[in-house]
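*Asks:* Please take these sequences and the hints and turn them into a complete structure.
Chains as they are written, first to last, in the UniProt record's numbering: chain A, 1 to 318; chain B, 1 to 296.
Because the hints were derived from the structure by calculation, they are not lab data. Ideal Cβ placement from N, Cα and C applies to all residues, glycine included. Hints are all accurate, no fakes.
Residues of chain B clear of chain A, computed beta-carbon distances all greater than 12 Å:
| # | residue |
| --- | --- |
| 1 | Thr98 |
| 2 | Phe100 |
| 3 | Phe122 |
| 4 | His126 |
| 5 | Gly191 |
| 6 | Ser197 |
| 7 | Glu209 |
| 8 | Met211 |
Here are some, though not all, of the chain B residues that point toward chain A, as calculated from beta-carbon distances under 10 Å:
| # | residue |
| --- | --- |
| 9 | Glu148 |
| 10 | Ser263 |
| 11 | Gly276 |
Here is how the chains run, residue by residue.
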Amino acid sequence: MLSEGGSFMKGMFMGAIFCLVLSLLGSFSPSTDSSTEDQHHHHHVQAPSKDELKRLSDSQVQELSNQVRVYCIIMVQPKILVYWATAVDTWSKHCDKAVFYTSESSKALEAVDLDEKDDWARLRKALKHAYENAGDLRWFFVAQPTTFAIIENLKYLVLTKDPSEPFYLGNAMKSGELEYVAYESGIVLSYEALNRLVNVFQDEDKCPERGRALWKLSEDKQLAVCLKYTGVYAENGEDAHGKGLFSSKSVNTLITDSMKDNPNNVVEGCCSDMAVTFSGMSPNQMQVMMFGVYRLRPYGHEFHDSLVFYPPENSDND
Amino acid sequence: MGISGRRGTEPELSSERIFIRITGTQGPGVSESLSSSGADVPLPHCEGKSSAANSSHTTRILCWIMTGPKNLESRTKHIRETWAKRCDRVLYMSSVKTDFPTVELNVSEGRDNLYWKTIRAFQYIHEHHFDEADWFLKADDDTFVVIENLRYTLSKYDPEKPLYLGYMSGGAGYVLSKEALRRFIKGFDSGECTHFSTIEDMALGKCMETMKVEPADSRDMKGRQTFHPYPPDHYLVRQFPRPRPWFLLYEHYTPVEGPGCCSDLVYLTYHLRPYGYKYRFNPDEHIELNATTKSI
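*Replies:* In structure tokens form, the structure reads like this:
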């Protein structure tokens with residue numbers, strides 16, 4: 001009888017240990033030293049204000065605008081070729097360098113064929129490729145086929161930010177304890193952030209290529225987890241008034257939302273004048289956006305911006 | 001290998017400065033509403049003064065909008081909050097008296113009466129507001145107008161000349177000069193113009209012709225249209241020529257209808273912009289329209 005009781009006790013004891021271990025593992029979050037968070041206490045990054053830019057000299061502004069150049073990483077797939085084609089024909093022309101990364105090649109359009117079906121593995125490969133081919137470009141913008149971006153406004157957002165500091169910006173969301181940048185509204189990475197990321201890719205424990213969790217995390221969350229290991233945190237991109245610049249919604253949806261939330265102030269209450277991204281628009285709507293953003297304007301409205309961005313060559317829809 | 005440039009049946013890219021019709025439907029009746037002029041909003045530009053070329057005459061615009069009780073909340077209210085503020089004077093015409101306020105004309109409902117309502121509206125304007133403006137814009141409650149651009153276009157012309165701009169079908173709005181309105185009214189008083197027609201467009205056009213009112217060129221410096229009876233995507237979407245059917249997807253652009261007429265277009269026109277962008281088209285650059293310039 002004693003031996004039975006003993007087995008029972010042993011079983012209980014082992015069960016308790018097992019439980020303890022599991023709960024410890026569960027509470028373990030891959031965060032680095034959170035008590036001494038360094039430079040990025042804030043979780044939002046704001047565009048420079050007019051005053052801030054006025055304080056800079058002309059030559060400083062000139063230098064900054066020459067330096068802020070963007071490498072666009074556009075993830076595409078042949079099965080949605082029309083979005084791919086639309087990105088080629090519309091907003092991506094405003095990137096300093098636009099590279100399309102595909103899961104499999106297509107005869108119709110040019111892209112870097114990563115030959116990879118797994119979404120997270122593909123993103124990793126694309127980021128690594130961009131890092132290795134960055135040249136002197138120091139800002140990276142990751143987009144999905146349904147993303148529509150206004151690159152000039154992205155440049156404005158990061159104009160006074162140093163790319164040798166780690167920046168990871170966009171539409172910052174929260175999932176439990178994890179803050180991450182939503183994929184379809186575009187992900188901005190500074191050179192330093194990408195540098196750290198590419199290094200942590202080699203660590204199969206912290207940042208496995210095929211994922212280790214029982215459930216599969218979406219790529220944008222995986223990205224956040226890996227970056228967190230390197231001390232880089234997601235930050236919300238905002239204009240000088242605190243309005244978000246990155247959206248996973250279309251203009252129509254945002255306006256409709258605003259009609260409910262701000263019925264007496266629909267347009268002003270809606271979106272920033274300096275918005276960087278929208279998402280969820282059809283290819284036709286993106287063509288209309290090019291017109292609405294880059295061409296349609298009321299005569300006589302002057303803005304006196306501190307920078308000048310020229311229209312791309314060989315393009316006629318902007 | 002990549003997408004090649006434009007070929008075949010591509011729509012001519014339209015002008016930056018446009019007046020658009022959003023949907024295809026007409027307002028029901030005619031009653032008027034006296035609304036305040038654009039004075040409550042600080043206009044970024046000199047009110048009524050001609051914006052560019054010719055400053056020997058003023059360019060005051062009176063806007064009148066054909067609407068009805070059904071659309072007052074959903075559309076007309078938003079017009080009032082947005083583009084109509086930039087008119088020097090705006091009137092809302094509806095068949096039924098409302099608190100909007102609208103001007104009530106003693107006209108009955110029905111599409112057949114549209115022409116008659118238009119006549120009555122113009123007669124009302126001629127009688128009560130003629131001296132307040134140089135140009136008279138007629139719009140429906142689903143039209144979107146960029147007033148600054150209209151003003152710029154009109155500034156090139158003398159309102160004492162008999163001129164009209166736009167399509168007489170009213171789809172994208174049209175504008176009469178002071179002299180054109182004078183002649184229009186005279187045409188009805190004298191019987192030179194017919195009072196009855198089931199086809200507003202034709203009857204109006206015919207009247208203009210009879211009274212020797214001429215269409216002014218509303219195209220921009222590059223020969224592109226500025227008045228558009230259809231939604232933007234009709235003009236802007238390139239049809240990729242492709243052998244495979246799924247490239248030829250056509251999707252109708254559905255602007256925000258119902259409550260909040262044209263807020264999305266207001267956002268795109270007046271708010272959203274690319275920082276620092278040096279626009280390609282500068283209307284003040286004097287490029288001559290030569291004979292080979294294509295027009296729609």
